[in-house]
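Visitor: Since the structure of chain A is provided, determine the placement of chain G on it from the hints.
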Amino acid sequence: MTVTADRETLRWVGVGALAFAGLTAAVILDAPGPLLVSVFAVAAGGLAAASRPPEVDLAIERAVSEQSPGPDQRTTVTVTVTNEGRGPATDLRILDGVPPALTVETGSPRHATALRAGESASFQYVLATRVGLHPFGPTTVLARDATGTHEREYEQMASGATELNVAPTLDARTTVPLRTQQTPYAGARTTDSGGSGVEFHATRDYQHGDPMSRIDWKRVARTGELTTVSFRQERAGSVVLVVDTRADSHVGATDSAVARSLEAAATTAGSLLDSGDRVGVATFGPGSAWLAPGSGPAHRARLREAFATDSAFAAAPIEDEDFLPWLARRRLRRRLSGGTQLVVFSPLLDPFMVESIRRYEAHGYPVTVISPDPTGRETTGQTLEAVERSLRLSRLRGAGVRVVDWGDEPFETTLVGASRRWSR
Amino acid sequence: MRRLLAVGVVVVAVGLVATVAPGVADFVPADGLSSLVGFLAVLGVIGGVTRRARADPDTPDLPTLETVAVEPPGSQFDEQVKTAATGETRRAGKDETAVRTRLREAAVQMLVREGHSESAANEQLRAGTWTDDPEAASFFVPKDSETPQKLLAEARTDVKGRRSVRSLFAETTVFERSTERVVAVLDERLSETAAMGAGDVTDYGRPERGVSAAESERTDATVDAAESERTDATAGAAESERTDATTGTDGDERSDDGAAEGRP
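Just so you know, the protein sequences line up as chains A and G, in that order.
Per my numbering: the first sequence = residues 1 to 424.
Per my numbering: the second sequence = residues 1 to 264.
Chain A with its partners taken away, still in its complex shape (with noise of 0.2 Å):
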């Protein structure tokens, strides 16, 4: 329990106008009664001056009907709250630290109430769900006194669940465009390189050895030469999704930046898993997850887990000293393998990630950028943080990073018109 302000209320300020308002009116009407109505105002304003910052002991409790909800439902939160001190805590408005990016649906995170020692309250409300791990933060409490002249607000973390794990469901609604590569394993994705495979990619002189099948024969009875026909390959692509989780990024017009970006980097998972590519996961930011690329229903499921119950996934800014970006950097880098893309979900809002960024690009890892868009343009700060925004995003494109700037539409939106524009 943190004690975050006692303050007066100023409730009784001035009653002491009414006491001598009582006391003129006896005296000029040189009548006893009014004086009667300034022994009311004498006996409020002493209680007033007599009081203290109340001393409330309260017990807090939170139940949330499932801890493990899917993404996009209904999770009801009751919190019972128990007066534990040896007196009556006489005025408690209490306001339970809901996950700073879930919204309500129905009820209220808000409470009023009073209790006799011993006596608990509850009350409920029901919380939308959504992609990642979700810690409840402090419950507020703010007390006064009988009077209400003097207030007590403090903090105090409830005990019962203090988080929930909403995994994502990893089932393909869209298919996410990746870069060209190759690695070593069959896949969906068509490479530059020539082999066999389905769409058509070169022709050249036979070799001795090449197969009957892929001879061009019309042109053998054409011209009497004899061409190999060669098809692009299709290789599966290996893929690390990389969200940005340090503290500065948990911004948005409307929704966390860092919340968009786990459900959309939870879509892409998915999509990609379904297409047979292999798949990674890391946050940069403090914990650093990381989840090396594979596949296969045992990664799926560790998938899942990482997004429901890794820490560093936490859909709230978590508070660490010790974290070092360039140092993240240099630990993701030596993580990746050869042949490697990213996929980096980021509100692109300093200059470091744009450098990150290309200098994963230069080692040879293609960068694809997915930028949930958190600027407003309210006040003259954050037009200035749209435009820089802007044009770190213009930045990237010109050293050849693929980016995806995602406005307040549905990711799937976005990702069909930027699939449109490369695919041109």
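Since the hints were made in silico from the structure, they are not lab data.
Fair warning: this is a prediction, and the values are worked out from it, not measured in the lab.
Note that beta-carbon positions come from the ideal geometry of N, C-alpha and C, so glycine has one too.
One or more of the hints may lead you astray.
[Claimed, not checked] Quick list of the computed label-pair ranges, beta carbon to beta carbon:
1) A:Glu105 - G:Asp133: 45 to 51 Å
2) G:Glu66 - A:Arg359: 49 to 55 Å
3) G:Gly23 - A:Pro88: 43 to 49 Å
4) A:Ala50 - G:Val7: 16 to 22 Å
Guide: For chain G alone, kept in the frame of chain A given last:
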């Protein structure tokens, strides 16, 4: 305070005893006291009402609960501008430098994106020719510049003139105004270039940028540079010829010349 409390307790005690045995209060002169008490009571009423009117309770700053608890980035910049504009402290100076550096960086990037080189962009900022907006243009011009451009002189007097009128109506200082203008100009330029297609074409790094557009921008840049050099030279020459005493009236003429020359 303590003495007042003691007096209060004694008076109340005497009063209580007097209700039981009225003879105790006989030493109190009945006539004069009641008017004195009445007068004091009126003062008390006035005092109480004023205290009530002045009461400014400190209300708690509570978190957002029902919706996603985020705000768009940019509050840091707004705060820095406010401190820099109001305070005379060391911190204000630091914040002003930070604000200027950041705006300059953004403006340079914008000009680079439009096809100018970085040094040309810096030159334009220093010369104040990067935009038509007088307030935004003068923002990056060094105060102790050796070669004060005529355009600039004009722009600066303009700004000062506006300040006095504006300050009557608005609570903003010149610094706040000009940062606002710089950002607004940058925002405008951004949407202009985006409409031209400069934002989209460089998608996935293919150098698809419209050749004609790039060409025209480049020639613009060189023309601008040449222009500013020319005005520099003429300004310098003019400066050396004229004496200080005449600058008052001649300065205006010169600025007109400069404007005619500087604006194609």
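Visitor: All hints are to be evaluated individually against the structure, with a verdict given for each.
Guide: Verification of the hints:
For the pair A:Glu105 and G:Asp133, the supplied restraint of 45 to 51 Å holds, since their beta-carbon distance comes to about 47 Å. Take G:Glu66 and A:Arg359: their Cβ atoms lie about 41 Å apart, and the range 49 to 55 Å is violated. For G:Gly23 paired with A:Pro88, a C-beta distance near 45 Å keeps the hint of 43 to 49 Å intact. Between A:Ala50 and G:Val7 the CB atoms are about 18 Å apart, so this pair conforms to the stated range of 16 to 22 Å.
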